[in-house]
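Colleague: Take the given structure of chain A and dock chain B to it, following the hints.
Just so you know, the protein sequences line up as chains A and B, in that order.
Mind the numbering: the first sequence is residues 848 to 1399 in this note's numbering, read in order.
Mind the numbering: the second sequence is residues 4 to 170 in this note's numbering, read in order.
Careful: at least some of the hints might be erroneous.
What the hints assert, rightly or not - Straight-line distance between alpha carbons at most 20 Å, and here's what the computed EDC-like set of lysine to aspartate or glutamate pairs gives:
#	chain 1	residue 1	chain 2	residue 2
1	B	Lys115	A	Asp1233
2	B	Lys167	A	Glu887
3	B	Lys45	A	Glu1246
4	B	Lys154	A	Glu1183
5	A	Lys1243	B	Glu124
6	B	Lys115	A	Glu1234
7	B	Lys80	A	Glu1002
8	B	Lys80	A	Glu1183
9	A	Lys1243	B	Glu92
As the list claims (entries may be wrong) - Partial selection, computed: residues in chain B whose CB lies under 10 Å from chain A:
#	residue
10	Gly28
11	Glu109
12	Ile127
13	Glu136
14	Gly161
What the hints assert, rightly or not - Simulated coverage check for chain A against chain B, where a stretch passes if three residues somewhere in it have a Cβ under 8 Å from a Cβ of chain B:
#	segment
15	886-894
16	969-976
17	1057-1063
18	1219-1230
19	1238-1246
Hint data in this document are derived by calculation from the structure and do not stem from the laboratory.
Ideal placement from N, C-alpha and C gives every residue a C-beta, glycine not left out.
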Amino acid sequence: MMYDVCIVGSGAGGAPIAYELSRAGYKVVVLEKGANYKEEDFSKDEIGVSRRELFTPLLKDEQHVINERDKDGVTTRYSGEESGWSFWNGSMVGGSSNLMSGYFHRLKPDDFNLMSKYGKIDGANIADWPIAYEDLESYYTKVEKVVGVSGDVVEHKFLEPRSTKNFPHPMLEVNSAAKWFDATCKALGYESIPTPRAILPHNALNRKGCSYSNFCGSYGCSTGAKGSARAALLQKCDAKIITDAFVYKLDSDEKRVTKAYYYNKELKSHVIEAKIFVVAAQAIESSRLLLNSKNSYFPNGLTNNNAQVGKNLIFSAGGSGEGRMRFETLIKKQQEELMQPGLFFNRSLQEWYEYEQDGKKYKGGTIDFLFEHSNIISRTAREMYDEEGNLIWGTKLQEKIHKNLTTSRVIVFEIFNDWLPSDYCNVTIDETVKDKYGVNVAAINLFGHPHDIKVGEYLSEKAKSVLKDMGATEISVNISSDPPPNLVAGGCRFGDDPKTSVLDSNCKAHELDNLYVTDASFMPTGGSVPYTWTIYANSFRVADVILKKLKS
Amino acid sequence: MIFKSRRIFLKNSFLTSVIFITCSGELFAAVTPMQTIALVQKDLFPDTLHTPQSSDINASYYLYTILNHSRVTDKTKSFIKDGAKWLNEASVEKYKKIYTKLSAKERQNILKEISQNGWGENWIITIMTYLLEAMLGDPIYGGNKNQSGWKWLNHTSGLPRPTKAIL
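Chain A extracted, bound-state conformation:
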């Protein structure tokens, strides 16, 4: 059977294409490596989901090789299996969008012009995007409506231009502690922003509203309130989804991709033919697939005759910190309010999305504030050391656990700033390690630019000052070059010049007529927000391009 479109990967990058094209009457097939879980399959099983990592592959079966370069240029090689270092996020229909927290921020207009606006930084391959914010705005709005984004637009100095006045869904209910945060920010002269979330506060879009169970991140949503690619899109269209289908090769002639080959659970090979192919397997795996798809026309990997595939891999830079609100600083009513489970914290600061230091303008970022995750096992496990850093056990540990978990609550902040692309951060193929399918695994070559740390530290000082004034104690912060595996982009950047980019401005491969890449791989720079909203929006944009092409 000849499909109109074959999509590799069913997450936020692939699902909008499947949704739009199948609803327009085209024959669409989605090849998904993982299984299909539905609302009724999800529970808040901390052991199964968080401790045993049910939704990601076992590293002995599928791993990455990680080559980490430090600031002195020394590279250390880590086997994923031996080190336990995992870059998997969610192998399942809907991908990792099932497991996201759903903190949704748009990029700002300047994120599209980082090079023009802030100039070159030594050792970084910064490039402007070939499209502008205006090209994406209507698609951000579309995501708000179709996927479902809740929040409340408030004026602030970096509020991006909007074509609608407010979000289509009102903001989720928040804990009283968020109001203390607002008051603190007001006193400091900062603009507190209710964090937009891809979570429905009420029944809408044929999905149930949030149950305020407060276990969003890492967990599948059992009400369907979270705007996963599965709940919001794939369950609402009739695109054919083939699960347990690991695509190991794309074949092509000189101009067109012709076939996708995949292994099923039993490791039997199958072939899919289609007019158009879309790759959206998440950034690292998308580059790996292209690099492993060699043929006589593309001896270095598909659409890689200019040696650009895998280059300029980026993550979200920054880090996180926290402070503890203790009963000792609160009156009884406040203590009760603080410990109320379920309600969100949901506050962000974008006050320093751009800032000035020593007479120079810097691109800054976003700080999200949230309650520590409700996972009770991980919250107790962190109590195993005393203030001097000694391991403790027995009654000393029991008393510490009980006091901290019943008379205080931790507020966490997460910092998102640009991870500068560089020559040392990319995806290649490791020629020595194969996965359970017998396919060479991706090597993730890591390098965090020192500039990222500088910006992260600046933002963290601001976040700390808010928590301090709010009355939090034991404030700590960790800014580093550790890459967050769930915030990965680049590897197939889009641009106007085929010599420096893999994709054109419509995310079509420069070198092939019918190949698109629509996960976060296309991003030359990542902005200073989590990526998911932008991935969704861009994929809806590319869906329109493909639709037009199929109609012509």
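Modeller: For chain B alone, kept in the frame of chain A given last:
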């Protein structure tokens, strides 16, 4: 409950078969890792009037499930067993007795001693972490009986709760 079938028994023999403790190159004693670990669990998280009881935590049973778990690495499983052997060797070296024959004070001294080196610190954390999983995981996994762990910390579990353990 544990030894319902021969298949399970064979799997469990990983912790119930004897390990040989040597001292100065000579065979000193033979113990099962589980005897040692069960006592370590009580030493790390003792029964008190205010905490969940070891019978409710059911940490030893839970550790059996971990040692049979498809998503726990062989490296971790071996480390749990090897740590029990190394703990006994440290006990014999210091007190000329295996861990289960030591007084409560001597056992605490040995735990303190091994916590100062790399493997010992990691091993205590490993045993303690699985104990916390038993105490605070969903009761479907065999621990946290009557939700005693959750009640102790006023924890409201997320809903829905699992109907099937992931093993």
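Colleague: Work down the list of hints and note, for each, if the structure agrees.
Modeller: These are the hints, each one checked on the structure:
no., hint, verdict
1, Lys115/B / Asp1233/A, "holds (14 Å)"
2, Lys167/B / Glu887/A, "holds (12 Å)"
3, Lys45/B / Glu1246/A, "holds (16 Å)"
4, Lys154/B / Glu1183/A, "holds (17 Å)"
5, Lys1243/A / Glu124/B, "holds (17 Å)"
6, Lys115/B / Glu1234/A, "holds (17 Å)"
7, Lys80/B / Glu1002/A, "violated (55 Å)"
8, Lys80/B / Glu1183/A, "violated (42 Å)"
9, Lys1243/A / Glu92/B, "violated (27 Å)"
10, Gly28, "violated (31 Å)"
11, Glu109, "violated (15 Å)"
12, Ile127, "holds (6 Å)"
13, Glu136, "holds (6 Å)"
14, Gly161, "holds (3 Å)"
15, 886-894, "holds (count 6)"
16, 969-976, "violated (count 0)"
17, 1057-1063, "holds (count 4)"
18, 1219-1230, "holds (count 5)"
19, 1238-1246, "holds (count 6)"
Of the hints listed earlier, those the structure fails to meet are numbers 7, 8, 9, 10, 11 and 16, in rising order.
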